[in-house]
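Enquirer: Build out the structure end to end from the sequences listed, making use of the hints.
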Amino acid sequence: MKTKILALILGIVAVLVVSGTTFAHHGTAAYDTKNIVTVKGTMTDFRFINPHVQLFFDVKNDKGEVENWQAELTAPNKLARAGWDKHTLKAGDSITASGYVSKGDAHTMWINKLIGPDGEALHLFEE
Amino acid sequence: MLGIFAALSLTGALFAQTPAQPANPATAPAKAASAPAPAHDLTGVWMMRNPPGSNRGFTNYTFTKDPPELTPWAEAKFKEAKASNGGQFTLKTTNDPVLTKCDPPGVPRVYFHPYPFEFVHTPKYTLMLYEYDHTVRRIYTDGRPIPKDPDLLWMGTSVGHWDGDTTLVVDTVGFNDKTWLDRLGHPHSDQLHVTERFRRVDKDHLELDITMEDPKALAKPWTTTFYYQLRPNWELGEISCSGDYLDFSNFEK
Numbered sequence: 051m052k053t054k055i056l057a058l059i060l061g062i063v064a065v066l067v068v069s070g071t072t073f074a075h076h077g078t079a080a081y082d083t084k085n086i087v088t089v090k091g092t093m094t095d096f097r098f099i100n101p102h103v104q105l106f107f108d109v110k111n112d113k114g115e116v117e118n119w120q121a122e123l124t125a126p127n128k129l130a131r132a133g134w135d136k137h138t139l140k141a142g143d144s145i146t147a148s149g150y151v152s153k154g155d156a157h158t159m160w161i162n163k164l165i166g167p168d169g170e171a172l173h174l175f176e177e
Numbered sequence: 213m214l215g216i217f218a219a220l221s222l223t224g225a226l227f228a229q230t231p232a233q234p235a236n237p238a239t240a241p242a243k244a245a246s247a248p249a250p251a252h253d254l255t256g257v258w259m260m261r262n263p264p265g266s267n268r269g270f271t272n273y274t275f276t277k278d279p280p281e282l283t284p285w286a287e288a289k290f291k292e293a294k295a296s297n298g299g300q301f302t303l304k305t306t307n308d309p310v311l312t313k314c315d316p317p318g319v320p321r322v323y324f325h326p327y328p329f330e331f332v333h334t335p336k337y338t339l340m341l342y343e344y345d346h347t348v349r350r351i352y353t354d355g356r357p358i359p360k361d362p363d364l365l366w367m368g369t370s371v372g373h374w375d376g377d378t379t380l381v382v383d384t385v386g387f388n389d390k391t392w393l394d395r396l397g398h399p400h401s402d403q404l405h406v407t408e409r410f411r412r413v414d415k416d417h418l419e420l421d422i423t424m425e426d427p428k429a430l431a432k433p434w435t436t437t438f439y440y441q442l443r444p445n446w447e448l449g450e451i452s453c454s455g456d457y458l459d460f461s462n463f464e465k
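The listed protein sequences derive, respectively, from chains A and B.
Position one of the first sequence corresponds to residue 51 (the numbering used here), numbered consecutively onward.
Position one of the second sequence corresponds to residue 213 (the numbering used here), numbered consecutively onward.
Worth flagging that the hints you see were computed from the coordinates, not collected in a lab.
Just so you know, not all the hints are guaranteed correct.
As the list claims (entries may be wrong) - In the DSS-like style, the derived pairs of lysine-lysine whose C-alpha atoms are separated by at most 30 Å in a straight line are:
id	chain 1	residue 1	chain 2	residue 2
1	B	Lys294	A	Lys153
2	B	Lys294	A	Lys84
3	B	Lys277	A	Lys136
4	A	Lys153	B	Lys304
5	B	Lys336	A	Lys153
6	B	Lys277	A	Lys84
7	A	Lys153	A	Lys90
As the list claims (entries may be wrong) - In silico negatives: residues of chain A with every beta carbon more than 10 Å from chain B:
id	residue
8	Lys90
9	Ile99
10	Val116
11	Lys136
12	His137
13	Ile165
14	Glu170
15	Ala171
16	Glu176
As the list claims (entries may be wrong) - A few chain B residues facing chain A, derived, Cβ under 10 Å:
id	residue
17	Met259
18	Asn445
19	Gly449
The beta carbon of each residue, even a glycine, is placed where N, CA and C say it ideally should be.
Expert: See below:
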């Protein structure tokens with residue numbers, strides 16, 4: 051089942067929140083930062099590595115086909131200080147990821163929000 | 213392979229974004245309740261915070277709102293810089309030496325990396341350990357003078373002394389001219405002299421005044437202030453630029 055949602059309002063809010071002082075000064079060439087996409091998937095691999103933690107998961111689309119997604123979080127050191135470790139996620143876990151999708155690959159995401167297998171949002175910042 | 217460098221920059225962006233959250237202790241104004249700063253002691257892990265009451269985004273890529281006054285020599289060199297951080301970029305469109313070659317960041321560019329650093333004091337020198345790429349600076353506090361004819365190094369040669377009980381003054385000279393002052397690519401020469409004043413205003417808060425002087429590159433000194441918060445529960449981890457950043461295999465499907 052495809053649960054890909056184009057959350058335009060969220061996207062606008064996100065752009066407003068971070069505009070000017072942040073994204074305007076950063077290369078965002080690879081990601082469409084104007085839209086936030088949400089997908090629900092099943093983890094196939096979790097790599098707690100520098101420079102950015104990598105998630106691999108499968109998403110079933112409307113046609114019942116399996117899409118192989120890849121997504122990034124921030125640095126593992128930062129996530130460790132937010133309570134993560136290399137076992138926080140594992141293959142088979144159900145997740146819901148929201149974020150920016152790569153302009154070059156529709157199945158690659160920079161995650162802004164992540165719901166873990168227990169249905170709770172995971173902390174993505176070390177603060 | 214997607215734009216890893218864009219993603220790296222997004223890290224900085226997200227870091228900068230956090231101050232917008234009111235609950236974020238990194239952005240809370242310095243509290244009067246903080247204990248006084250101990251004497252001659254900066255020990256601990258420190259993380260950048262925004263100035264009290266401000267979300268000063270430009271700290272992510274350069275030092276001041278207005279550009280520095282460059283000499284003609286530096287203006288010409290600055291035109292060759294293809295910043296990684298000025299908007300759209302990929303590996304092919306930037307010549308940022310940190311991103312494309314893993315060159316050491318130099319001083320003060322090292323402070324733009326959104327990772328903490330740690331002070332370790334010894335009787336004759338103070339170590340600064342930056343989480344990013346194991347970067348280490350050794351600041352001699354044994355009374356030796358600033359070297360007059362220093363070797364040219366990535367992170368320079370540093371000597372320090374205490375000004376009063378809570379301010380460590382660090383003079384650094386002897387830089388090669390391969391690093392950028394900031395993420396925009398403002399250049400410096402081997403005549404760069406960086407003065408850092410680490411002012412521990414109370415137990416939990418550190419303010420860093422930076423002065424860059426370079427008669428070959430800067431028409432007048434360039435100054436700025438950075439703000440840090442003590443993170444007593446944090447430990448520095450490993451971040452290696454070479455490998456971690458330059459080996460893309462982990463990011464390919």
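Enquirer: State for each hint whether it applies.
Expert: Hints, verified against the model:
For the proposed pair lysine 294 of chain B and lysine 153 of chain A, the alpha carbon gap of about 22 Å is at most 30 Å, so the pair holds. For the given pair, lysine 294 of chain B sits about 25 Å from lysine 84 of chain A by alpha-carbon distance, which is consistent with the 30 Å threshold. Using a Cα cut-off of 30 Å, the hinted pair lysine 277 of chain B and lysine 136 of chain A is violated, with the two alpha carbons roughly 40 Å apart. For the hint pairing lysine 153 of chain A with lysine 304 of chain B, the CA-to-CA distance comes to about 17 Å; that is within 30 Å, so the pair holds.
With a C-alpha separation of about 53 Å, the suggested pairing of lysine 336 of chain B with lysine 153 of chain A is violated against the 30 Å cut-off. A C-alpha spacing of about 26 Å is found between lysine 277 of chain B and lysine 84 of chain A, which places the hinted pair at or below 30 Å, so the restraint holds. Annotation: proposed proximity of lysine 153 of chain A to lysine 90 of chain A holds, straight-line Cα distance about 20 Å (limit 30 Å). Distance to chain B confirms lysine 90 of chain A as a non-interface residue, since its nearest Cβ pair spans about 20 Å, more than 10 Å.
Chain B draws isoleucine 99 of chain A into its interface by the beta-carbon criterion, the shortest separation being 6 Å against a cut-off of 10 Å. At the 10 Å boundary, the C-beta of valine 116 of chain A stays outside the reach of chain B, the nearest C-beta of that chain being 14 Å off. Listed as a non-interface residue, lysine 136 of chain A keeps its Cβ farther than 10 Å from every Cβ of chain B; the least gap is roughly 12 Å. For histidine 137 of chain A, the shortest C-beta to C-beta distance to chain B comes to about 16 Å, beyond the 10 Å cut-off, and the non-interface label holds.
Residue placement check: isoleucine 165 of chain A keeps its beta carbon more than 10 Å from all beta carbons of chain B (closest about 18 Å). At roughly 17 Å from the closest C-beta of chain B, the C-beta of glutamate 170 of chain A stays outside 10 Å, upholding its exclusion from the interface. Even its closest Cβ contact with chain B, about 14 Å, leaves alanine 171 of chain A beyond 10 Å, as expected for a residue assigned away from the interface. Interface exclusion of glutamate 176 of chain A from chain B breaks down, the closest Cβ pair being 8 Å apart, not more than 10 Å.
Hint on methionine 259 of chain B holds. Least Cβ distance to chain A is approximately 8 Å, under the 10 Å limit. Among the interface hints, the one on asparagine 445 of chain B holds; its C-beta lies about 8 Å from the nearest C-beta in chain A, closer than the 10 Å criterion. Given hint, glycine 449 of chain B at the interface with chain A, holds; its Cβ is 4 Å from that chain's nearest Cβ, closer than 10 Å.
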